[in-house]
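Trainee: Below are the chains, spelled out letter by letter.
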Amino acid sequence: MNVSDQSREFVRTFFTTPTAVEGEDDSAKMLRSAVGLRGMEAPDVWVPDNEDATAPNMRDEGAQNIIDVVAEDGADFPGEIHPRVVWHRDDSGTRYKGFEHIREIADPDNSAVEHIDGFVIPEVGDIDDWKKADEFFTIVENEHGLEEGSLSMSVIIECGASELAMGTLREEMGKPSNNLQRLFLLVNGEVDYTKDMRAITPTGELPPWPELRHNTSRAASAAGLIAVDGPYDDIRDVEGYRERMRDNQAKGQLGIWSLTPGQVVEANKSPLPPREGYWLLDADGREVALESEDGVEVYDGERVSLSETDAGYRLTVGGDEMELDGDELREELLDLLSYVPSMDDIVDSMEEFEAAKEAGKGAIAMTQAATVRIDGVEVDVSRDRMWDEATYQALQTPISLFQDVYRNRPDQHDDLAELYGEDVVERAMNVG
Amino acid sequence: MNVSDQSREFVRTFFTTPTAVEGEDDSAKMLRSAVGLRGMEAPDVWVPDNEDATAPNMRDEGAQNIIDVVAEDGADFPGEIHPRVVWHRDDSGTRYKGFEHIREIADPDNSAVEHIDGFVIPEVGDIDDWKKADEFFTIVENEHGLEEGSLSMSVIIECGASELAMGTLREEMGKPSNNLQRLFLLVNGEVDYTKDMRAITPTGELPPWPELRHNTSRAASAAGLIAVDGPYDDIRDVEGYRERMRDNQAKGQLGIWSLTPGQVVEANKSPLPPREGYWLLDADGREVALESEDGVEVYDGERVSLSETDAGYRLTVGGDEMELDGDELREELLDLLSYVPSMDDIVDSMEEFEAAKEAGKGAIAMTQAATVRIDGVEVDVSRDRMWDEATYQALQTPISLFQDVYRNRPDQHDDLAELYGEDVVERAMNVG
Amino acid sequence: MNVSDQSREFVRTFFTTPTAVEGEDDSAKMLRSAVGLRGMEAPDVWVPDNEDATAPNMRDEGAQNIIDVVAEDGADFPGEIHPRVVWHRDDSGTRYKGFEHIREIADPDNSAVEHIDGFVIPEVGDIDDWKKADEFFTIVENEHGLEEGSLSMSVIIECGASELAMGTLREEMGKPSNNLQRLFLLVNGEVDYTKDMRAITPTGELPPWPELRHNTSRAASAAGLIAVDGPYDDIRDVEGYRERMRDNQAKGQLGIWSLTPGQVVEANKSPLPPREGYWLLDADGREVALESEDGVEVYDGERVSLSETDAGYRLTVGGDEMELDGDELREELLDLLSYVPSMDDIVDSMEEFEAAKEAGKGAIAMTQAATVRIDGVEVDVSRDRMWDEATYQALQTPISLFQDVYRNRPDQHDDLAELYGEDVVERAMNVG
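Protein chains in written order, with this note's numbering: chain E, 1 to 432; chain H, 1 to 432; chain S, 1 to 432.
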C-alpha cells in the first residue's frame, strides 16, 4: 500500500537550476532558460535551486525570480516544479529563512503556487526535524488557504541522522499529528553526506556509498516514495554517469539528479529498455557488448579467443585455456553470455506470458538463442528461462515506468515513438 | 540469548515442492516424490509450497494433498516439514485464504499436524502484519487444542517494509501480547523483493542485494533465528549456486532455498568443510585452487609465472613483473596464497587449542606450510596464525553446524562417514 | 549537533596491551612498555586490555597492574587512557566482574583515575545492555565522588544486537534516565562478530563486513561519536593494513585498532594527506601510482601500452586496443588518471577557495595538469574540478583531523614538522 499521496509513480530526473546569478542583466536568466525545456531535455522534476546552487546573498532575489518565472511560464512546463529552499537541522536561522521563502513563493497572490507541486528541503536531520519542515508547510497552507497536504515535500538525505530517519517513515507517515503523507522524493546528497560522515578518499572523489543508496531505495519502497540519487559532478563523463545509473537501477533507485540538459537527456532515457536487444560477453571480468552482423553476434576483442582443434575446441579466457568438446563449449559460453532485451522483446515476452496465463498455465519457458562468432569460429547457443508470475511482475518495472512516463509526459511522445516505433509504444501501453 | 524457542540451530536447505500439479493422474505426485527423499537429497526443511509454485486454482486441492501425503508418509521424513500457505500484506482476501489453509492442515482430525513443524508465510509486510499471521497461528492452535506457540512460523522477506521489520524482532518477540517466539526462519525472496524495490537490470537477472542478505543474517543473529537465502533459478549452473552459497556463508546466511534434489545435495554439503584441504592462489584477481601432486602444490595457469634468474627470481602476476630474492619471493607468495582447511585440519587445530588451554595457555601459533610449484620452480612457504579463544570460537561455526546436522539427521550418518571417514566424524562430534 | 560531550573529535588509533602476562618477573611488563610510548608510536587512545588479551586467571592482577602503571606514569602519557574491562550481554557474572574492576581502578585512593579518561566495554548487546553498563559507571562515579558522566564509555560492537542498538543512540542519548552522553568510541570487533553472525569462510579469514562498518560510521555521525575498526591480525602484512584503512576512511571510519607500536605508526599516519602528491593510473582494474621523473609522470608496467601511429595513437588497456587521435587519447587517459593531492596541495586549494569566497565568488575551477609518459610517449593532460562550498567542506576532513591531532598531540609536533615542513604545518593550522 502506497502511504504517500503523490501522483507520479516514477521520477527519472531531478534537474536543479540556480535561481539568481549575479552579474547578468537578468539574474533569472538560467531559470528562464530551464523553464523552456521540452521533450527529452525537460526533467520529470525541475528544481529551481535557492540553496547551494545560488550564492547566499542572492537568495531573496532568487525567491522572487522563482515567483516571476513560474508565474509567467510554469503553466507550460511539462514536468513537475519543486523549488529547493534553504534548511539546516542544526541552524534555526536557516530554517526560518526557508520558511519565509516557502511562504512567499506559495502565496497565491504571487500566482506561482498554482504551478508548483512542492518544495525540496535539504539538510534534514532526524525525524523530528522532518516534522518541523512538515509543520511549516502546513502553516503556510493554512495561511494561504491551500488544501492541507497539497504541497509535496521532498528531502535531501545528507547526514547519518536522516539516513536513520528514513527507516521510521512508514510508521511516522500515518500519524494524525503530522502531514508527512506529503512526502514525495528521497534524494541523496553525497557531497554533504561525505562531509557529515567524515569520509576521506585519497583523490578527494566521493565514496560510492552503496549502503546509503540501498537504504534510500528501501525507505522509498516501504513508504511509497521515490528514491533519487545525488549529482554526478563530472559532466564530461557520460559513460560514468550511465554506469552510475545502471548501478542505481539495480538497487531500485530509478531517479537521479541532473546538472545539465545533456544529463537530463541521458537520465530520462537510462531506465528505459533499449531499442535493439544485444548480447553481452563476460570477457575475463569485463562485460563487452557483441556486435550484431547479419544475425551473428561477433566478439572481436583480445580477452577471449576460440579455435577449433582436432579434438574439438580451445577456448581461452584471460590466461585460462580450456580444451572442450562442442557441448562443453556451449555450456562454457552460456556462462559467459547474457542477453539485454529490447523494449520489443520485453513486450513480446509479457504478451506471451499473459496469453499462457489465460490458457491456465502458471509458468512458461522463454528461449534466447544466438549464433556467436569468436575469432571466426561460430557457435550456436540457446537458453531457456522459466517465467512465472513473480518473474513476470519483477520484469515489469521498466514497462510500468514507461507507462508512467507516457501518461505524464505527452511532450515526450514524439521522442518515444521515434525511439521505439509507434507500434512498440502502443503495445507497451497495453501490456501489464 | 536465543529468544526463539526452535529446536534446530542450523538449517542448510529449504526445499519447495508444488502441492498440486494439473494434468497428472495424481496431482500430489511431486509431493509424494519429495516426501520420499532421504540422506543428502533430503532437505533440513521441506516446504510443500501452496503459494507461488502452485497455480492459484489448484491451491485448495494442494492443501488437501499436503494433508494426505504428510499424514501418510510424514512420520518417516528425515527433515522438518513446513508448508507454505498464501499471504499478502496488502490483500486481506489472500490472508484469509492462508488462514483457512492453516486451519485445515493443522486440524488433528486430518492426522497431518503431528508431523508438521510449522508454516511458512510469504509476502509479510511491517511488524504489525507479522503479528496478524502470528495471531492466526494462535487462534488455530486454540481451536485445535494445540499448545500455544507449538507451530513455528517462518517468513519470506520480499519487500522493504519486511526488511525493516526484521530490525525490530528482538524487542517485539518478548512482548506478552504476541507469540512471535514461534519465529524460526527468515527467508529472502529476491524475485518479489526486486519487484517491490522496483529494481531494473539490463539483462533481467536479479541484483545481488548484499545489504538485504546482511540485514537478514543480522536479524537472525539478534533474535536467535535462522537466515535462509532465496532460490537460485539457474538450476543448470552448479558452480554459480556454489559461489552464491560461499558468498552467503561469509555473511552468516548458512541456509539456502533449493529447487531440485540436486540443489539440495549441493546445499547440504556446502557449509561443511571439505574432506581434503587445499591451497588457493590469488592469480591476478582470480582465486585458483592448486593441484596437490606428491605433496607439492602445483599452479599450472598462465596468470602467474615464476623463473629463476642469476640474482634470484622473476615473478610475474598479470602484467606486473617483480625481481625478488628468496625471502622476498616467499613474502610475495604468502600474500597470494591461502589454505582451505579440511574437516580433519579443523578438528586437529581445535583439539590442539583445547589442550593448550587446559595447560593454561591463552594463545598458540598454528603453522601452515607447503611446497608450491609454479612453472617448475619449487618454493617452500610457511605461515603462523595465532589462535586465541576468540579465533577458536569464530572458527567453530562449521563444527557446530556439523554437530547439529549429525544430531538431527541420522539419515545422513552414512553419507557423512563416507565423506570424512568414521574417525574424523567421531572426533568432530567430540570437540568444542 | 554533537550529542556526545567528549573532547577528542578524531581518534586514529586504539592500541591494546595485555594487563598481566604470566611467567614474567613483572607481570605488568607490557603495560610499562606501552605507557612509555611517545610520538608516532603512541596511540590517540591506549587501552590496557583486561579482557581478551589477558588470560582469565590473570585479570584481577591485571586490574591492579593498570592501577600501578597508570598511577605512576599515566600523567605523562600523550594519548587518552581507556582500560578495557570484562563484560558480556549474556552473562551477569562477567558483568559483575567488570563492574568490580571499574570500581577499583576508578577509586581515587588508588591515584590512577585522574589519568584515566574512560573505560571500554566489550560484548555489549541491545541498548538496555548498554544502559546497564552506563548505570554502573554512574554508580561508581557516585561512590567515588567523581562528576556524573566524567568517565567516558566506549563499546565494542561484536554482535548483531549491538549493531542494531547503534541505530537508536541519537534518541537514547538525550534521555534524562541515563548518562549515555558519556559514550565516546564505537569500536568494531570482527572476530567475535563473525562468531555471533555464524559466518563461515573457506580459509577461516574474516569476512569484510562492509555493512557493519558503514552502520558503525553512520551511528557515530548521527550521535556525535567516533568510529573505530577492529584489529588487523596479520601484523606482517603492512600493505594489507593500509588497504583496510583506506577502505575504512572511505566509509568515514577514521580510527582503527592497533596491536603493535608498528601498527600504531601506520594508523597514526594513514588518514593524513601524503607529503608529496602523485598520479594514479587505472591499469585495467588495478590502481598503479606513477613515478615522477623530472616533472613527467611515468607508467612502466605491462597492463597499459601506448604507441604513435600514422593516424595518431594506439592505446592498449588489458586486451582492449583503441586507435585514437590526440584529443581522444587525452579523454581516454583522463578517465584512467586521478591525482592524490599532498597536504600542501590541499592547503593551497583551500586558501584559494577562501580567497575567492571573500571576493564574492561561490565556485571556482581548480586545475590539475600533468605530463604522462607511457612506453616513451608523452601526453599532456589537464582537468578542471569545480569547487563550491560543499566541495570545500567535504574535502576539509583531513585538515580538520590534522588540526585536532596537532592540538591534542604536542608529542607529535616534531614528527609532523619533519613530515610536511614547518611552513605547511603552520598554513594547515590556519585554513578552514
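Just so you know, these hints were derived from the structure itself, not from any lab. Fair warning: there could be bad hints in the mix.
[Stated by the list, open to error] Taking beta-carbon pairs under 8 angstroms as the criterion, some of the chain H residues facing chain E (in silico):
hint, residue
1, GLU171
2, GLU172
3, ASP196
4, ILE200
5, ASP300
6, GLU302
[Stated by the list, open to error] Selected chain E positions facing chain H (in silico; Cβ < 10 angstroms):
hint, residue
7, ARG38
8, PRO207
9, PRO210
10, PRO341
11, ALA390
Just so you know, these numbers come straight off a predicted model, no measurement behind them. Ideal Cβ positions, reconstructed from N, Cα and C, are used throughout, including at glycine.
Trainee: Which of the stated hints cannot be reconciled with the structure, identified by number in ascending sequence?
Mentor: Structure breaks hints 1, 2, 5, 7 and 8.
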